[in-house]
Amino acid sequence: AQSVSQHNHHVILSEAASLELGCNYSYGGTVNLFWYVQYPGQHLQLLLKYFSGDPLVKGIKGFEAEFIKSKFSFNLRKPSVQWSDTAEYFCAVRGNDMRFGAGTRLTVKP
Amino acid sequence: DGGITQSPKYLFRKEGQNVTLSCEQNLNHDAMYWYRQDPGQGLRLIYYSQIVNDFQKGDIAEGYSVSREKKESFPLTVTSAQKNPTAFYLCASSIYPAWTIIHEQYFGPGTRLTVT
Numbered sequence: 001a002q003s004v005s006q007h008n009h010h011v012i013l014s015e016a017a018s019l020e021l022g023c024n025y026s027y028g029g030t031v032n033l034f035w036y037v038q039y040p041g042q043h044l045q046l047l048l049k050y051f052s053g054d055p056l057v058k059g060i061k062g063f064e065a066e067f068i069k070s071k072f073s074f075n076l077r078k079p080s081v082q083w084s085d086t087a088e089y090f091c092a093v094r095g096n097d098m099r100f101g102a103g104t105r106l107t108v109k110p
Numbered sequence: 001d002g003g004i005t006q007s008p009k010y011l012f013r014k015e016g017q018n019v020t021l022s023c024e025q026n027l028n029h030d031a032m033y034w035y036r037q038d039p040g041q042g043l044r045l046i047y048y049s050q051i052v053n054d055f056q057k058g059d060i061a062e063g064y065s066v067s068r069e070k071k072e073s074f075p076l077t078v079t080s081a082q083k084n085p086t087a088f089y090l091c092a093s094s095i096y097p098a099w100t101i102i103h104e105q106y107f108g109p110g111t112r113l114t115v116t
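Just so you know, the protein sequences line up as chains V and S, in that order.
With my numbering applied, the first sequence corresponds to residues 1 to 110, in that order.
With my numbering applied, the second sequence corresponds to residues 1 to 116, in that order.
So here's chain V without its partners, still in its complex pose:
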């Protein structure tokens, strides 16, 4: 089974700063990749997903992620964060089953 690693446990940024959250996985086969977000007090919801095609995927709220197969990575990016982006972010990888990373808590200071 594959594993998923999210490098940052807690990231603190000021508004308008750029964001990059790392996600690496270990699996030799074909993967589908997801980023989920959990806003305070809300359901876990899908931010974006990659199945095939263009490795640069755009999601909701200005987020994007790039699949780099050679690096087994699927990092999440946003050019300018807002206070409302404060949440916990989970990377998930579907190889032969579905695995979630440990999550990264993002705090955006106004």
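Note that these hints are calculated values from the structure, not bench results.
All C-beta atoms, glycine included, are put in the ideal place defined by N, C-alpha and C.
Hints may be right or wrong, so weigh each one.
Straight-line distance between alpha carbons at most 25 Å, and here's what the computed SDA-like set of lysine to any residue pairs gives [unchecked claim]: (1) S/K9 - V/Q45; (2) S/K83 - S/R112; (3) S/K71 - S/G40; (4) S/K57 - V/Q45; (5) S/K9 - V/Y39; (6) V/K69 - V/G28; (7) S/K9 - V/K49; (8) V/K49 - S/Y106; (9) V/K49 - S/D30.
Across the chosen pairs, the derived CB separations fall in these ranges [said to hold, decoys possible]: (10) S/P109 - V/D97: 19 to 27 Å; (11) S/N18 - V/L46: 28 to 36 Å; (12) S/N53 - V/L56: 36 to 44 Å; (13) V/R77 - S/N53: 37 to 45 Å; (14) S/S22 - V/G41: 42 to 50 Å; (15) S/K70 - V/E15: 43 to 51 Å; (16) V/S26 - S/I60: 15 to 23 Å; (17) V/N8 - S/G63: 27 to 35 Å; (18) V/R105 - S/I51: 13 to 21 Å; (19) V/P110 - S/S67: 43 to 51 Å; (20) S/T20 - V/R105: 25 to 33 Å; (21) V/R105 - S/S73: 40 to 48 Å; (22) V/I68 - S/F12: 40 to 48 Å; (23) V/E15 - S/S67: 42 to 50 Å.
Add chain S to chain V, keeping to what the hints say.
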């Protein structure tokens, strides 16, 4: 409104008691899942069900049991055999089983279980 409901939001139990967490969906999804979320560990799969009357163990099934008698419902029982039951439990569903066809999972609001 379509979605997944979990009840109750908070649940307290004494050690040694079994407790059942409810999960209902009206999305007409075939597959349903139970995850456990602990700080710093992400989501870990407890059980999943691809169709009615069938379910499979996930990574941490010991001390848990499930049933899938109806498509809409997938209750999870935390038994007294679960050594560390205090956690946040999330139920999810997807249109087709996540292992075979590519669809994202939809999550419920979760139940926070505290066992003392």
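Outcome of the hint check:
Taken as a hint, the S/K9 and V/Q45 pair is honoured in the structure, with Cα atoms around 18 Å apart against an allowance of 25 Å. Proposed proximity of S/K83 and S/R112 is supported: the alpha carbons are some 16 Å apart, at most 25 Å. For a cut-off of 25 Å, the pair hint linking S/K71 to S/G40 is broken: about 32 Å separates their Cα positions. Our distance criterion of 25 Å between C-alpha atoms is met by S/K57 and V/Q45, whose separation comes to about 24 Å.
Restraint check for S/K9 and V/Y39: satisfied, since their Cα atoms lie roughly 16 Å apart, inside the 25 Å limit. A threshold of 25 Å between alpha carbons decides the hint, and for V/K69 with V/G28 the separation of about 10 Å falls inside it, so the pair holds. Restraint check for S/K9 and V/K49: not satisfied, since their Cα atoms lie roughly 29 Å apart, outside the 25 Å limit. Proximity of V/K49 to S/Y106 is assessed by CA-CA distance (about 13 Å); at most 25 Å being required, the pair is judged to hold.
Using a Cα cut-off of 25 Å, the hinted pair V/K49 and S/D30 holds, with the two alpha carbons roughly 20 Å apart. Between S/P109 and V/D97 the Cβ separation comes to about 24 Å, which falls inside the hinted range of 19 to 27 Å. Taking the beta carbon of each, S/N18 and V/L46 are about 33 Å apart, inside 28 to 36 Å as hinted. Range check, S/N53 to V/L56: Cβ separation about 42 Å, and the 36 to 44 Å hint holds.
Separated by about 44 Å at the C-beta atoms, V/R77 and S/N53 satisfy the suggested range of 37 to 45 Å. Taken as a hint, the range 42 to 50 Å is violated for the pair S/S22 and V/G41, whose Cβ atoms sit roughly 20 Å apart. In this structure the hint that S/K70 and V/E15 lie 43 to 51 Å apart at CB holds, the actual value being about 47 Å. With their beta carbons about 20 Å apart, V/S26 and S/I60 fall inside the hinted range of 15 to 23 Å.
Our hint of 27 to 35 Å for V/N8 and S/G63 holds, since their Cβ atoms are close to 31 Å apart. At roughly 36 Å, the beta carbons of V/R105 and S/I51 sit outside the given window of 13 to 21 Å. With their beta carbons about 47 Å apart, V/P110 and S/S67 fall inside the hinted range of 43 to 51 Å. About 31 Å separates the C-beta atoms of S/T20 and V/R105, a value consistent with the hinted range of 25 to 33 Å.
Look at V/R105 against S/S73: about 32 Å separates their beta carbons, and that is not inside 40 to 48 Å. One distance hint, 40 to 48 Å for the beta-carbon pair V/I68 and S/F12, holds here, with the actual separation near 46 Å. Against the hinted window of 42 to 50 Å, the Cβ-Cβ separation of V/E15 and S/S67 comes to about 47 Å, which satisfies the hint.
The structure fails hints 3, 7, 14, 18 and 21 (numbered hints given earlier, in ascending order).
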